[in-house]
Amino acid sequence: MAGVTRVNGPLVEVDGLGGAAMFELVDVGGIPGEIVALTGDHATVQAYEYTGGLEPGARVVSLGGPLSARLGPHLLGGIFDGLLRPLDGTEMWLKPSPLRAPGRRLWPFRPLVPAGTPVAPGTPIGSVTGSGALPYLVLSPGGTVTAVRPAGGYAADAAVASVSGRKVTMEWLWPVRRGLPYRGRLDEQVPLITGQRVIDLLLPVRRGGTVAVPGGFGTGKTVLLQQIAKWCDADVVVYIGCGERGNEMADVLAELRELADPRTGGRLLDRTVVIANTSNMPMMAREASVYTGVTVAEHFRDMGYHAVVIADSTSRWAEARREFASRGGALPAEEGYPADLASAIAAFYERAGLVTTLGGEPGSVTIIGAVSPPGGDLTEPVTTHTQRFVRTVWNLERALAYARHYPAVSWNGSFSRDGAALAGWHVRNGRRDWVAARTRVAGLLAEADRLSALAELVGAAAFPARERVVLLAGRLLREGLLQQSALSAADAYCAPERTGRLTSQILDVVDECLQLAEQGMPAAEIETRDFSDVLRAKERP
Amino acid sequence: MIELEYTSLSELRGPLAVVSGVSKVGWDEFATIRLSSGETRHGLVLEVDRDLALVQVLEGTSGMAGDRTRVAFAGSPLRVPVGPGWLGRVCDGRGRPLDGGPAVFGASTAPAAGFPLNPTWRVPPAEPVLTGVSAIDLLTTLVRGQKIALFSAAGLPHLELAAQIAAQSHAGGEPFSVVFAAMGLTHADAASVRDALELRSAAGELVLLLNLADDPVIERVLTPRIALTVAEHLAFEMGRHVLVVMADMTSYCEALREVSAARGEIPARRAYPGYLYSDLASLYERCGRVRGRPGSLTLLPVLTMPAGDITHPVPDLTGYITEGQIVLSPQADLYPPIDALSSLSRLMRRGVGEGRTRPEHMDLAAQTLAALARARQAGELAEIVGAGALSATDRGHLDLARAFATHLLTQRADEERTLEETFDRAWRVVSVLPRRELAMLGEDALDACYREGG
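Chains as they are written, first to last, in the UniProt record's numbering: chain A, 1 to 541; chain B, 1 to 454.
Calculated from the structure, these hints are not laboratory results.
Where hints are given, some of them may not hold.
Claimed, not checked - Residues from chain A that face chain B, not an exhaustive set, calculated with beta carbons under 10 Å:
| id | residue |
| --- | --- |
| 1 | G53 |
| 2 | V274 |
| 3 | E350 |
| 4 | S452 |
| 5 | S532 |
All values reported here derive from a predicted model rather than from experimental measurement.
Virtual Cβ for every residue (Gly too), placed ideally from N, Cα, C.
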């Protein structure tokens, strides 16, 4: 019989597990764990719960299979821990507990194909309603439908169809550390509209893209990510609170419950899956939570939906890996992180993508990961490696946050490798000025930055009128366009049309001032003109 | 239960002892150690490997001999008695009485490590804790259920301020208690804290846990956990609003580092262990409010930034977990030396305003901060070009900054200001500026409270 030999926090060593496989789930004395190293019949297990009181000799049982996500209609609108165990309706204090199936409930099922139809893998056989805002599709494993249930209420684990003799249920399990299969990647460039001007205009992200959001504490990282979770034009949002604050999760839940989805009219929560693994919840479940989250997103991608994974914060995930590696005695690489840090980050972000699903539909997973660099040091390993593998970086700058410039996304320290291509998409979709406006705004901001650095040395008064107008233009763009209040009802979300309109209004004013300067009006006179109208335009709906 | 005692200590190193030949000993179990001299010490199991248990000895291993020391294990992680019996008591860092009274008993016990609070049971914090300190109440209001850190540096009066906050804070007449966990304080500091909190203690609203600078270092690992376990019960079972002050967290983290180094763990930044974030979070996250329960637990960790460096791991990781910070910085002869521009209460927006403090609170705070920011810029400019070259508006802002320092910020360490008085002073400060400069304040509020000339 297998038994525990050594316990060191979440690291548990076990003897007598002959025939066990790597990453297989085991139950160690009543709590779940995962095998992370094997030597003969001796295994190292990372425990997913607090191991207080666990003693050598405690019984270990193999649960026969890797850590898997239970994918089913219960996900949308739900809140789960890092192992995808439901948190809603459970006890106030989270005590260590084994994995168990969620409560049974009946879901309204409607067949989409009659018996006898050949169905390719990944095509829908039936649809389930009552689970959030979208129809939840039951997909075929491939074959011919031999039987299908009539419309009605069924339990998630009951057979609703049979395809070439295989039982098909609404819910099923998939190992979280393996990506769900798809037919192929698509190269199409379509932006994910976030409703944040600085992002949509200057630093856009594409559907299926990857974003890193590095920012020290107090730079407004969580507020920005919550804004995107609320307003981006995805079908499904998977919000992973990975080692973050409990009060923030309570806040996000309360807001998602109250806010209406502008596209469906339902609650925003109904298109969201929240995975809450706050910083005081067991650490190794935090490590698993980013994988469970991305698996859930891939599941909805396979139904032909566009999903966004927001992971706040990937640094806590990396730190959980570091802590465990250290307890296991692994040789440390940079700053104590294990040597596989870079490859683990790369592999995680590679699970994003715009793909053709097995069923032939386009679907996407976009990954937005917050990075919390210690001491705001952007040269630390998690930040530097993440920046290598993502296509977009929104760098949050402390100086901007201190000046109460929110969102504090730096326009000169960030990048979007898809910026030009996505601007082209806007032009093809009726916003003819988009590329020109974007280039102009970026150019003016860069010139204003250069000039204000110079002005700190020599004083702005020494500049000719044109240069002083460029400085003014920088201020107008920052205050009238890039700053966007998450608290303002009119401005929390800004549609691309409105972004385009605000941009051209400011650029018109800038042009007018440049012309006045050229005609010889003194700069001091131009600067004292009343710009409150163009600065306040963003506060009007 | 018959208590099994082990007598075989096979290794002693720093604060660690290895007990061999054990069976049925679990991880994180509590241990009692008896020396041949009759002295009793205590420990926590850091690791069990077959028949070996690695124990960290809270009181240190000095004087322990390998073959004449007896160790008994409690059979479970440490549990703390909880209940109203703690109120009014002064105890050491492990909860033993220092006030001459009997040991604290409770009707029940709770695990010192605590359990994580289910996030779906949390309620977003939404009411203020008033501290009677003007700069805090006006600009970085504490909200019930919030955790907000007090960042300081050596030589600054952070303990006086923490003690003042602990002495004066209230929740508008609802039952209020303070749990003050002192870690690594000098005797002089501890005495002044006790003095400042005497009235609160006499009123039965205070639990004081004192681990002093010359007390066992490793005991500090336990002190905040005992404090929080007691506080959780007062808040969530007894419906009180509890403020937990933990000072000084830097000393706590150093104790953690000492244990980590003794175990030969792979160090992360500045040789602190890689799990420092998780460990701090397991303390700080115990604050909050719970659905359907009247009480709240507000947390005020106090820490000194070594060499004033805010990027040091202790303030840095604390800042990532807490919901704001109150920053002290050296300012000539000022008490309290709060750096208003670096301080921030992230949850303030929810805890102030109509029905909570004053309707114009958020606007007045924003306006004051904006004016102070402009004054700082003007001050920097004045150092280069001379104050004479400044515009009238900039000079007005410098006047405002002076008025802020003298009329609002400066306060005696035993002076409790009501909210009315704080707002009265704040309006006088902003009224130094001409009315047209106060664009963030609403017309109604200006009509009611603006006084020409300040």
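Status of each hint after checking the structure:
1. G53: holds, 4 Å
2. V274: holds, 9 Å
3. E350: Since the shortest Cβ distance to chain B is 26 Å, the answer is violated.
4. S452: Given a least distance of 13 Å, the restraint on S452/A is violated.
5. S532: Holds - the Cβ of S532/A comes within 10 Å of chain B, reaching about 9 Å at its closest.
The structure fails to meet hints 3, 4 from the earlier list, while all remaining hints are met.
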